[in-house]
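Student: Work out the full structure: start from the sequences and follow the hints.
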Amino acid sequence: MKNSTVLVLSVALSMPAVGEPRLSSWFTELSGRYARIYPDNSAMVAGASITTWSRGQGNQSQPVYAGVTEISSTATDVYIRTSNLGFHVMGPWYLENGNLFPNYPANRAEIYRFPKAPLIPASKTPTGLGVIGYMVDGIALFDSRDAFSYDTSEEVDDGPRSPAQVQGDGVWNRDAYVNEGVTFDNALAHQAGSNHHYHANAPAIRHFLGDSVDYDSETNSYAENPTGRHSPIIGWFRDGLPLYGPYGYSSPMNPDSGIRRMVSGYQRRDGSNGSVDLANITGNLASGIPTGRTSLPRWVFRNSGRDLRLSAGAYGPPASAEFPIGHYLEDYAYKGDLGFSLYNGVEDFDPDRYHDLNEYNVRYCVTPDFPDGTWAYFTNINPDGSPLFPYNIGRYYFGSPTGSSPNAVPADAVVYFRGGPRVGPVIDSVENGRPGSVTLEWSVAEGGRYVIESTPSLAVGSWVPEAFNVRPEGERLSYLSDSADKDPAPDTKFFRSRLTDLESFDTNGLEEFGFTPAVSHVFQFPISPPLPENVGVLTVGGQQAEVIAYDSSTGLMEVSFDDSDLPGGDYRARLNRSVTSLNAYSVLGANNVLLLILDDWGIDASELYNARGPGIQLANMPNLRGLLYSSGQITGTPDEGLL
4 MKNSTVLVLS VALSMPAVGE PRLSSWFTEL SGRYARIYPD NSAMVAGASI
54 TTWSRGQGNQ SQPVYAGVTE ISSTATDVYI RTSNLGFHVM GPWYLENGNL
104 FPNYPANRAE IYRFPKAPLI PASKTPTGLG VIGYMVDGIA LFDSRDAFSY
154 DTSEEVDDGP RSPAQVQGDG VWNRDAYVNE GVTFDNALAH QAGSNHHYHA
204 NAPAIRHFLG DSVDYDSETN SYAENPTGRH SPIIGWFRDG LPLYGPYGYS
254 SPMNPDSGIR RMVSGYQRRD GSNGSVDLAN ITGNLASGIP TGRTSLPRWV
304 FRNSGRDLRL SAGAYGPPAS AEFPIGHYLE DYAYKGDLGF SLYNGVEDFD
354 PDRYHDLNEY NVRYCVTPDF PDGTWAYFTN INPDGSPLFP YNIGRYYFGS
404 PTGSSPNAVP ADAVVYFRGG PRVGPVIDSV ENGRPGSVTL EWSVAEGGRY
454 VIESTPSLAV GSWVPEAFNV RPEGERLSYL SDSADKDPAP DTKFFRSRLT
504 DLESFDTNGL EEFGFTPAVS HVFQFPISPP LPENVGVLTV GGQQAEVIAY
554 DSSTGLMEVS FDDSDLPGGD YRARLNRSVT SLNAYSVLGA NNVLLLILDD
604 WGIDASELYN ARGPGIQLAN MPNLRGLLYS SGQITGTPDE GLL
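So that you can map any letter, position 71 of the sequence shown is 74 in this note's numbering, and since no number is skipped, the others follow by simple counting.
Keep in mind the hints are simulated off the structure, nothing from the lab.
You may find that some hints are simply not true.
Once the Cα atoms are required to be at most 25 Å apart in a straight line, the calculated DMTMM-like pairs of lysine to aspartate or glutamate come out as [to be verified]:
id	residue 1	residue 2
1	LYS119	ASP219
2	LYS119	ASP375
3	LYS119	GLU32
4	LYS119	ASP372
5	LYS119	ASP387
Cβ pair distances, simulated, as ranges [as the list claims (entries may be wrong)]:
id	residue 1	residue 2	range
6	ALA226	PRO105	51 to 59 Å
7	ARG312	ASP415	52 to 60 Å
8	SER581	THR79	17 to 25 Å
9	VAL48	ARG474	21 to 29 Å
Beta carbons: idealized from backbone N, C-alpha and C, even for Gly.
Tutor: Below, the structure written as structure tokens:
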């Protein structure tokens, strides 16, 4: 037996290289993966994640593909489609009393539009409740609030779940991380209804992106571990500006200035650095209870015009264990109002004098994605990775929030990426064993069934199947090819995997997707005049086709296409809209099938229902019908026929 090394080529469809970060920054490497959750702590400890679930408003009766499933673009906007569910195993979620959180997440089938050219207005718009952007894993971004605020007349925090269904006064707005962080999972996310979302640092997607976060699968936990690299884009806000992780260039306009954690522009109003001390009594609530929450920080006045000094009817509660300083967004002062300066890179950075981010949590800087500079948000964390106010965004957008949730993607949008069930196989690893043996692993669509094909030459028509109905483990398809005992072993061998079947999944948001296994056919094109070396457009019967192999010198081309919409007939291939193949591909017309069964009781003929001849009906089949229905394996109404 000849010793040889097997070389592998993977024919794969992947996202084209795109220079525009609004298109290329979305995390798509695991796009063929189902969303999963840990329903409770016992499941997490056992590592027993599930792909279908139901609790409260979160009902997922079929598996659903995680993350962003489509990215497209017009001249002015970028559009994404997302299930709003993460690639990491989400959950579990608990309340402070130890009970399970009332809702699980579910597929939201969202479309979101981001402007390509952000506008920076002088007058800023406050963030709203609900979705204000998306992380690059397709999970929604919410602002820093939790929809509760202080009701001075009742002297309680009121919110959407209170008996009176009131929102409080809207003056002292509760911090979501401080007040609801107990309901976050280990990835620091939870859901409103079925709407899964982040309020703060997102360690799971940062881990996938290599942004200084380690993951321990045994404990389902994340740990900050700085690598010294600039953070990647981890999200996009409604105003079209990027959100980076916590690490940026030390000097905003100098990529050679080193990397450090960005310093927030906020601190608590606790009397330090000349701030108001909310613990000092400055007024009384209507009930006579003394309080120090009688004024607002200057950033509120600057953006809303509201008076700094409040009337007694808008006072907040006194600082206490129940209402500690930091309980509300308005408990924070902007450092720029306390004598600090935005760092410009001229001197060494001194945290006692400078901060990096303005009151909107933005700075103008160069980044790896924007070497000429951009306005950008940065997520705020403490050294240990715990979230730090204002987390991802201030109370107001820095840019004009023109993004939206449209009902559809424009018909003229150019699609840059399709994932989920439409993701093409991408080779992940090739491991050579003994001579003639190789193990291949592709990233594919979970729930798919694949045929593995090979060829020694890449010649047109030379691909042959090696294995059928190969099932991936999750989104990983593994195959061992062993020709070591064959003589002679090939010097070179090329492989590809091809989707042939797909298990049922949640198609909400993917209504336009319909899976039909592609067929392949070898077409012969005339070679005079000479054929082009490159294929621009190839169609069969008007259907777009994919080139598998092409030899311009012989005119042979192997193509793959979907023939499910082609009526019966013969179809030639068209190359670059001008050259027609010499041979054709035949599609058989529809057939009516008459089933005759001979058994111990004689011959039965099935009932026939035919749109072209509605009056035609053959004899009943009482014997066969009775046998089938008595078996309990056939359901329905017998009088409606069996075919």
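Student: What hint numbers does the structure not satisfy?
Tutor: Hints 1, 5, 6, 8 are the ones this structure does not satisfy, whereas the remaining hints hold.
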